[in-house]
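These are the residues of each chain, in order.
Number of protein chains: 2
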Amino acid sequence: MMLINEKPKTTKMRIIVDAMGGDNAPQMTVRGCMLAVEKYNLEITLVGNSEQIKQHLTNERNIKIVHSTQVVSYDDEPTKVMRTKPKSSMLVGLSMLAAGEGDAFVSAGNTGALVTGTTLIVKRIKGIRRIAIAPIIPVKGGAAILVDGGANVDCTAQMLCQFAMMGSIYAEAVLNVNNPTVGLLNNGTEAHKGNKAAVEAYEMLRELLPVNFMGNIEARDIFSGKANVLVADGFTGNILLKAIEGTALYFSKNLKDMLTKSFLTKISALILKNGISDFKKKFDYNEHGGAPLLGANGAVIKAHGSSGEVAFCNAIRQAKSFFETDAVNIITDAVNKEGDV
Amino acid sequence: MMLINEKPKTTKMRIIVDAMGGDNAPQMTVRGCMLAVEKYNLEITLVGNSEQIKQHLTNERNIKIVHSTQVVSYDDEPTKVMRTKPKSSMLVGLSMLAAGEGDAFVSAGNTGALVTGTTLIVKRIKGIRRIAIAPIIPVKGGAAILVDGGANVDCTAQMLCQFAMMGSIYAEAVLNVNNPTVGLLNNGTEAHKGNKAAVEAYEMLRELLPVNFMGNIEARDIFSGKANVLVADGFTGNILLKAIEGTALYFSKNLKDMLTKSFLTKISALILKNGISDFKKKFDYNEHGGAPLLGANGAVIKAHGSSGEVAFCNAIRQAKSFFETDAVNIITDAVNKEGDV
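Residue numbers (the working numbering), protein chains in the order written: chain A, 4 to 344; chain B, 4 to 344.
Hints in this document: simulated from the structure, not taken from any laboratory. Cβ coordinates follow ideal geometry from the N, Cα and C atoms, glycine included.
Computed list of chain B residues with no C-beta within reach of chain A, every gap over 12 Å:
id, residue
1, 16
2, 17
3, 44
4, 55
5, 60
6, 67
7, 68
8, 70
9, 85
10, 122
11, 127
12, 161
13, 180
14, 212
15, 213
16, 218
Here are the computed distance ranges between Cβ atoms for each label pair:
id, chain 1, residue 1, chain 2, residue 2, range
17, B, 78, A, 266, 50 to 60 Å
18, B, 54, A, 229, 34 to 44 Å
19, A, 341, B, 129, 48 to 58 Å
20, A, 252, B, 333, 31 to 41 Å
21, B, 104, A, 80, 49 to 59 Å
Turn these sequences into a full structure, and let the hints steer you where they fit.
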């Protein structure tokens, strides 16, 4: 009889959140957190200016605050932040993650600083050459994960191979893609195509992932959904990402102009309302939450800088999955097994 | 009285055309040529399989044919073409340009082979490190020229500076942009951003073009029209170009699905017909014709592989301007003046 009352406590996931990072912080980060504790079984620690946080925190259930005095801004040079902003919400949060005071960390702040901070505080998994950022791109039939989206501008072929491995693990564990295919972003599909690193990586990936490596993929084909994992150096990956973003925005702007031109076109816009809403959703990065930092000794998620509350809540959901699926340990095991590539 | 009859002959521009290059050759190339001689004051020499050409040539006015027996295909490796396809329409045409048998050359064929063939047959301008391909991207208020769009995958900072110089000259002379601004494609706007070549090029460009160099530009901002010349290594440039193309296509496909979903949405599509047509035009590369090869000792234009007759005619118009504006000589003078960067 006693046993009935002694059912094991379900331990809540503990998410640490940089309350001060992002264009709309702390308002949207705080709102996103309240939404997340409502939807998911978790506890959140908001790190940041406690006074400002409290202004937006209308429901404290499962949320606590850790006060910090500094804020990392977009203008801060990533390499200097460790010295100049040790008491920032971002670095304090990362230290808490490293100390085991939480299971995952989410920030919508300065990407470069987050990568540097994660590398120096949370540290890399042993054997991993560089931490990569892995944004998720909505494509036909789902999403593709891009590794690297901008953390490492100069990459060797070896680094590209680790990106492929980490991206595949994340896609399988967290994004539920069975047997993810890997494409190497290149300026042509033929084996000999690409810059020095890409040509070398092609050969190495063929050996490392004989089944799942589908070869080179051109930027115009990524929406086909043929590759679940897109591998690129961070310079090229970032150009790809922002080219997609820029084109989609330019397209949307022109579409809007077209639909608001006259009385009749406005009527059409009304008829098309639902379609346009689906259309927008399809191209909305916010639906996917954020980008994981892969290769770190902990689950760190970069939320989009312009995140609203729903986007930020989605980033928290992603941090939860990142931790729950044990992706960090799977990557650690894989790198131990593979040895140094 | 005699003098009246002896008015100076207006010399017609002589364009050499690779009749066999492109997805729809020779049908679309031949049709494009007939359209061009109708619209512009020029003579065209079509190089290719004379029998096939004649099937489509319904009006021979100002058009002659030079027979050639081989065709460069998309699968041909650029570096091998010189040995394996010396009698191809592409290489025969380039040799004619080099020999002065025409003023400009247009091909919609294998880009890599065209760059290699141009480098080896037409040759580089003395002092120019590499020939670059410079596609034109439709942006707000006009167009931006991208140098390099894919000819040189690994680039030094010096090469990037020459791309900036050549692109500026072409933009000013051929595209009629007054005082063109130059942006360095980068993963951030700050001076320290980018891979090794980009960081170095930033400093050099600031010295070379103190007024016109606007600094780094992110891929999402290119549609703003802030930069008339976009400088990138060919690997990154090609990813940019194809990312724009892929996103625009994906967007169009989704737009079409939305408009054809039901009876009511089809009615809306009818109302929006003109708007959609303008919209398409805005994103249509074909409107701009082709991409010049910059740095060669002659005017060579690469037409889009999928060119229809209008696109091909536009590419011929561009070849005409390329020659008429003397852009090749202006680049030659500039490189002599600047010395080696």
